[in-house]
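Trainee: Assemble the whole structure, with the sequences as input and the hints as a guide.
Protein chains: 2
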Amino acid sequence: MRILLVGFGFLGRELAKALRNKMSLLIRIDSDFRVVGAADSKGYIYSEDGLNIERLSGITKLSEHEDYKSGREAVELINRDLCDVIVEATPTNIKNGEPGLTHIRLALSRGIHVVTPNKGPLVLAFRELMSLAEKNNCDLLYEGAVAGAIPIFSLARECLQGDKIIRLSGILNGTTNYILSRMFFEEIGFEIALKEAQEKGIAERDPSYDVDGIDTACKIVILANALMGRDAKINDVERSGIRGITQEAMSLAKKSNYAIKLIGVVDKRLEVSPKLVPINHPLCVHGTLNAIHLETDLAGEITLVGYGAGKETVSAILNDLITVLRNRSGKSPKKS
Amino acid sequence: MRILLVGFGFLGRELAKALRNKMSLLIRIDSDFRVVGAADSKGYIYSEDGLNIERLSGITKLSEHEDYKSGREAVELINRDLCDVIVEATPTNIKNGEPGLTHIRLALSRGIHVVTPNKGPLVLAFRELMSLAEKNNCDLLYEGAVAGAIPIFSLARECLQGDKIIRLSGILNGTTNYILSRMFFEEIGFEIALKEAQEKGIAERDPSYDVDGIDTACKIVILANALMGRDAKINDVERSGIRGITQEAMSLAKKSNYAIKLIGVVDKRLEVSPKLVPINHPLCVHGTLNAIHLETDLAGEITLVGYGAGKETVSAILNDLITVLRNRSGKSPKKS
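Going down the list, the protein sequences come from chains Z and W.
All residue numbers for the first sequence refer to my numbering, where the first residue is 1 and numbers rise by one.
All residue numbers for the second sequence refer to my numbering, where the first residue is 1 and numbers rise by one.
None of these hints come from the bench; they were simulated from the model.
The model shown is predicted, which means the values in this text are computed figures rather than measured ones.
Hints may be right or wrong, so weigh each one.
No copy labels: a pair is met if it fits in one copy or bridges any two.
[As the list claims (entries may be wrong)] In silico DSSO-like pairs for lysine-lysine, Cα to Cα no more than 27 Å straight-line:
(1) Lys-331 with Lys-275
(2) Lys-135 with Lys-331
(3) Lys-233 with Lys-331
(4) Lys-95 with Lys-254
(5) Lys-95 with Lys-311
(6) Lys-61 with Lys-42
(7) Lys-164 with Lys-311
(8) Lys-331 with Lys-254
(9) Lys-17 with Lys-164
(10) Lys-254 with Lys-275
Mentor: Okay, here's the thing in structure tokens:
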């Protein structure tokens, strides 16, 4: 299969490195596996015979590449059916989903499979995109879009096939979990913990997307739609952030063996809010870790813990990509 | 497909109830799905057209059934190819694996798929049975054999397809975790906690299989073989149990924000021993919960927490059964 990487930021570059390292595995599943192109917002490189992955994984900007065509757009390559799968990893935009939404719509409408860690298009148009994928007999996989390296969607799809998920709750934002963990362990106030997170590059200069719970709300929308058959939009989520959590409130909680965590919940209602979590509960993880707690009819309670962002997300993207290859070739990478 | 249930103890009965509840899902994947037989150690019931699942799920002993044939053995049904899949749920026997080992060998050698939560045959003959399955183009799935409802094997197979698991550690025995949790929270000694667990039916009258780490060692062998390509036997595991953990040792650990847990490890060496675990580590779960911590090359660290035994194990057995049906029909139960 011919793969096109759309977006060459941090995740795109990390993915290129992982593809280089795992090439023999990928070729074993699909002997015709090749990365034919890579695009950023200002141009692309393309080769029908496949790019040199060693070269691609060694550059930090596509424009460094000798074959970079400036002023060109990924949509040209998609429109001309010059690929079989796109990995859409442009920046998340929850206002209008662009440019990811256009890329994904176009690809699916042309029968091109999509793997994406991009939340924007999924938050805005989940049902539309899933219908489009089904209509065109395409895979649309998005494991990396929620809780990074925690394989929540493939787990529900492949490992809990007989279970019905009744309720879901989770710590889905590493930035706020880092801030709240510092407040819990160091007994410092919100503003100081936030400033520290900003200095470490864990929080943005404008932190509202994280600390006001918007990012968590986006993830709750995707989880509700993907795992529990909802048709939720961002406005369906009752949301409050962590700015109001004081040092005193955290200390009081701690004295009673609780921590305050920003928890997203998919139940009858969709909600994001700070909640008391018993420190011995599996969901009570610290630092930048994420955790998802599922309640199902058969397995009872299952909790998954892992990194919610960073280069570990490549695990999720690669798993999706291999799923697309397997769905078409029937070959499995692992046999014990 | 024609399903034969072999073993009708606690798990067999719980599975019959789950099959009744999920019948419409199962029929959707395989329109010819039917439970044709159920066997215990003293006889069986069989009907080529399929047993009445409502009736089967309502009885506590097979011998209550009007069609029960006493003095007959499951091997007769397997030998005459009267089923396409067996669910082997006879009691675990780690001495010689019987009767499960005979059932599984016979089924696989005749091209009959096997789903089993039975550790014994897997501990004793993992490589032999996997080769037999491959040679005969059969599925041999055993999700329920380790950590009950935690879907560790399907997770590794389906959700971490591009990852290499480098190291694994886990709390894999609910009985010892219950005892150690009581010692940690109530500050009581081992003997008192053990007695309490025995009174609650959580520990056996002869607790050595659990408290001496034998059960955990069996699970470590299966995990090492299934997930990390080893060819380990039970004697390859360095093992020490929890009898030597004193109230004082646990109190000291607790004062430094650690708990003592019985941890199984698959690293270069295979080991089962009590270890200090920071109370804030995701692996530090309490009560009868199990937890598995994976270290992989891409995802970094992933922890799964869930019930290690009890009726929740039916989730794992059902997932395996659906995987067999899907592998043959190509149909998936869930589409978002």
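Trainee: Measure nothing new, just compare the shortest in-copy and cross-copy C-alpha distances for Lys-95 and Lys-254 to 27 Å and report within, between, both or neither.
Mentor: neither (38 Å within a copy, 48 Å between copies)
Trainee: How would you classify Lys-331 and Lys-275 at a CA-CA limit of 27 Å: within, between, both, or neither?
Mentor: Classified as neither: same-chain Cα gap 45 Å, cross-chain 40 Å, threshold 27 Å.
Trainee: With identical chains, the pair Lys-233 and Lys-331 could be close in the same copy or across copies; at 27 Å between alpha carbons, which is it: within, between, both, or neither?
Mentor: Intra 37 Å, inter 30 Å, cutoff 27 Å: neither.
Trainee: Using 27 Å as the alpha-carbon threshold, which applies to Lys-331 and Lys-254: within, between, both, or neither?
Mentor: neither (51 Å within a copy, 49 Å between copies)
Trainee: With identical chains treated as interchangeable, where does the CA-CA distance between Lys-95 and Lys-311 reach 27 Å or less: within a copy, between copies, both, or neither?
Mentor: within (25 Å within a copy, 45 Å between copies)
Trainee: Is it within, between, both or neither when you check Lys-61 against Lys-42 at 27 Å Cα-Cα?
Mentor: within (11 Å within a copy, 71 Å between copies)
Trainee: How would you label the pair Lys-164, Lys-311 (within, between, both, or neither) given a Cα cut-off of 27 Å?
Mentor: Result: close only across copies, 15 Å inter versus 31 Å intra.
Trainee: For Lys-17 vs Lys-164, is the C-alpha pair at or below 27 Å within one copy, between two copies, both, or neither?
Mentor: between (37 Å within a copy, 15 Å between copies)
Trainee: State whether the alpha carbon distance between Lys-254 and Lys-275 is at most 27 Å within one copy, between copies, both, or neither.
Mentor: For Lys-254 and Lys-275, the Cα distance is within 27 Å both inside one copy (13 Å) and across copies (26 Å).
Trainee: Checking an output row: Lys-135 and Lys-331, CA cutoff 27 Å. Within, between, both or neither?
Mentor: Classified as both: same-chain Cα gap 24 Å, cross-chain 17 Å, threshold 27 Å.
The structure is inconsistent with the numbered hints 1, 3, 4 and 8, although it conforms to all the rest.
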